[in-house]
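Number of protein chains: 2
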Amino acid sequence: MKEWQKGIREVIPYTPGEQPRFDKMIKLNTNENPYPPSPKVGEALRNIDVDKQRLYPDFAGTELIEALSKVYDVPKECIFFGIGSDDVLSMAFLTFFNTGKPILFPDITYSFYDVWAGLYKIPFKALPLDEDFRLVKEDYYSEKNPNGGVVIANPNAPTSIAESADFIEDIIKHNQDSVVIVDEAYVDFGGESVLPLIKKYDNLLVVRTFSKSRSMAGMRIGYAFGNAELIKALNDVKYSFNSYTLNMTAIATGAASALDEEYFEKTCRKIIATREEYKEKLKKLGFYVLDSKTNFLFASPRGAKFDSNRAEETRKLFEALKKENIFVRYFNKPRINEFLRITIGTPEQMETFIKFIENYINV
Amino acid sequence: MKEWQKGIREVIPYTPGEQPRFDKMIKLNTNENPYPPSPKVGEALRNIDVDKQRLYPDFAGTELIEALSKVYDVPKECIFFGIGSDDVLSMAFLTFFNTGKPILFPDITYSFYDVWAGLYKIPFKALPLDEDFRLVKEDYYSEKNPNGGVVIANPNAPTSIAESADFIEDIIKHNQDSVVIVDEAYVDFGGESVLPLIKKYDNLLVVRTFSKSRSMAGMRIGYAFGNAELIKALNDVKYSFNSYTLNMTAIATGAASALDEEYFEKTCRKIIATREEYKEKLKKLGFYVLDSKTNFLFASPRGAKFDSNRAEETRKLFEALKKENIFVRYFNKPRINEFLRITIGTPEQMETFIKFIENYINV
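In the order they appear, the protein sequences are chains L and U. One rule links them: number in the numbering used here = place in the first sequence (from 1) + 185. One rule links them: number in the numbering used here = place in the second sequence (from 1) + 185.
Take the hints with a grain of salt, since some may be wrong.
Copies of one chain are not kept apart here, so a pair can be met inside one copy or by any two copies together.
Keeping only pairs whose Cα atoms sit at most 20 Å apart, straight-line, the calculated PhoX-like set for lysine-lysine is [unchecked claim]:
1. Lys255 x Lys469
2. Lys225 x Lys466
3. Lys286 x Lys187
4. Lys518 x Lys468
5. Lys191 x Lys286
6. Lys187 x Lys358
7. Lys237 x Lys451
8. Lys518 x Lys451
9. Lys255 x Lys286
10. Lys508 x Lys490
11. Lys286 x Lys225
12. Lys451 x Lys310
Everything labelled a hint here was simulated from the structure, so no lab data went into it.
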């Protein structure tokens, strides 16, 4: 080893979900939206004054902030944005979790929480979900687990399960001394948002993304709501090392998407309808399917073919799907290695998927 | 103070250069390019398949990497990219400077170096430039200043001065045990690049940006060249906490810009010609002007009006310019508070600027 190599930061590189790119594949593996973004997004992109690219973007993202403020009825100073919700969440970890006390999140949840904790040297406790993959809310009470912060994805991923706003509020109520982050990446598909609670709890940060419900994963836009003081703290940290983040096109197209509420609601409704339909179909084929409020299903195959060694047989099904160019997600991790995570595609894609499953089971 | 507020990270928020936005101003304060980006950039933007925004961007940025590889004749595995060179530099600090030994950079240089060092808790030594604002290369020899890394902006900012490639190589030669970052944000305006040296020194990282010479500040694209092992280390760290950075439009337009070499060279030549012309004009008006190899001039007013209290009189000139909607940059910092940093605009803008100066001096 050369001397300079000793200074390299040691990391466990994350393996992103496969991003195969060829025609005729059915891509149900990274929770992307099967429908295009609002037509207003294309319009906004075509209307961009390319010559203005020579200038730095508006670092305050005024156009985007104003659109979000209008649509969600939240004051502008209560809105933060970043390059995808990953950037927003990472910035929130860096900004708020500096007490030295452990932060709390579930053992099964979005896989980056422990990564950011590691990156910023924040101690954490991963609290087990119960046997039905539900949060045990008392575990999060600060009197039971004194903490430096709480992070909850609601609906949760990859389980797809949502808890009620009352349930989440109870956790917030029991954590008034640390910042509580509620990651609502999937909330638009039927979850109950705690957004109204930011007026009541000044330590609540609600994080959202354009990547799922707004069909804009390719543009990398995330945002967050919280009381003005939380947002100021986030911006202070952000500006302290990088003032310019979202580029011109992201600001303009993000604003256009936010303002097209009709298209947004229509798309979400379509995905919810498809989800419910194929949840029933999977159940009829004997699958154990969690009650999803997201744009994906978390489903475990059951029956003769699977019951002897369910983890191994599930993995085989995953591989068999892949051979047919149907990509879903399989997590080779304790407790969830008997499940497939299936993003909701178009009805046509889902029909091809379910037909394959039918055949696979019956052969 | 509430309990949760005690967990907030303490920072000194950075104040970005003013971004006034109104018509008829002359904006020479943030080193933006006065010319629009290549027409190919507009084309690329118009050709984007908006529907594909529903998918995550290509996290490897293949299109952009291939374009840079072709244009700069560097293997693809030797190229890294990020959201502006700020993101690239910050990631390099995080990746390479983990020995606990101080890193070295000049006392007068890009103002974010000490900020990132602070953010990542990297000790540093800021070594004084000499009286003529030149690097004292022996100060950077590892035998004189044992270090965990070296960061040099060449040409330097805000001084505008470039050192030769041989001069920089001598510093690299004396630092084979730590990573040496050469920040070439301004190199396209007449500096000598050390890019060819990445084959010779496996610890050399050369950082560039699309914000200045490629007129694409609004798109936030930075990149770096180094041996494949350095680049792999950067990507490992990047992927370990955020796999998706540049959005679709940045990848596509960046590639288009890189491939239009003719337009790029023409624009750089125009800016260099304007710079030389107005450097002479400022000198004729008695200014002390450093020898710029960048798209800005670092100039100190001299003469009866200024000589009694040059720092104060320079600041007054800065304010007087601002009143006329001519924005330049003034740094209220020791050693450089007698200078203005003037971005090179179009000849028309520079003419308005110089006419104002003439009048100001002679009144």
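Hints versus structure:
1. Lys255 x Lys469: Neither: 43 Å inside a copy, 54 Å across copies.
2. Lys225 x Lys466: Result: close neither inside a copy nor across copies, 35 Å intra and 49 Å inter.
3. Lys286 x Lys187: Close across copies (16 Å), not inside one copy (37 Å); limit 20 Å.
4. Lys518 x Lys468: Answer is neither; intra-copy 23 Å and inter-copy 69 Å both fail.
5. Lys191 x Lys286: For lysine 191 and lysine 286, the Cα distance is within 20 Å only across copies (12 Å; inside one copy 30 Å).
6. Lys187 x Lys358: So lysine 187 and lysine 358 pass the 20 Å test across copies only (15 Å; inside, 53 Å).
7. Lys237 x Lys451: This pair counts as between: shortest inter-copy Cα distance 19 Å, intra-copy 34 Å.
8. Lys518 x Lys451: Close neither inside one copy (35 Å) nor across copies (56 Å); limit 20 Å.
9. Lys255 x Lys286: neither (37 Å within a copy, 50 Å between copies)
10. Lys508 x Lys490: This pair counts as within: shortest intra-copy Cα distance 19 Å, inter-copy 79 Å.
11. Lys286 x Lys225: This pair counts as neither: shortest intra-copy Cα distance 45 Å, inter-copy 52 Å.
12. Lys451 x Lys310: neither (39 Å within a copy, 57 Å between copies)
The structure is inconsistent with the numbered hints 1, 2, 4, 8, 9, 11, 12, although it conforms to all the rest.
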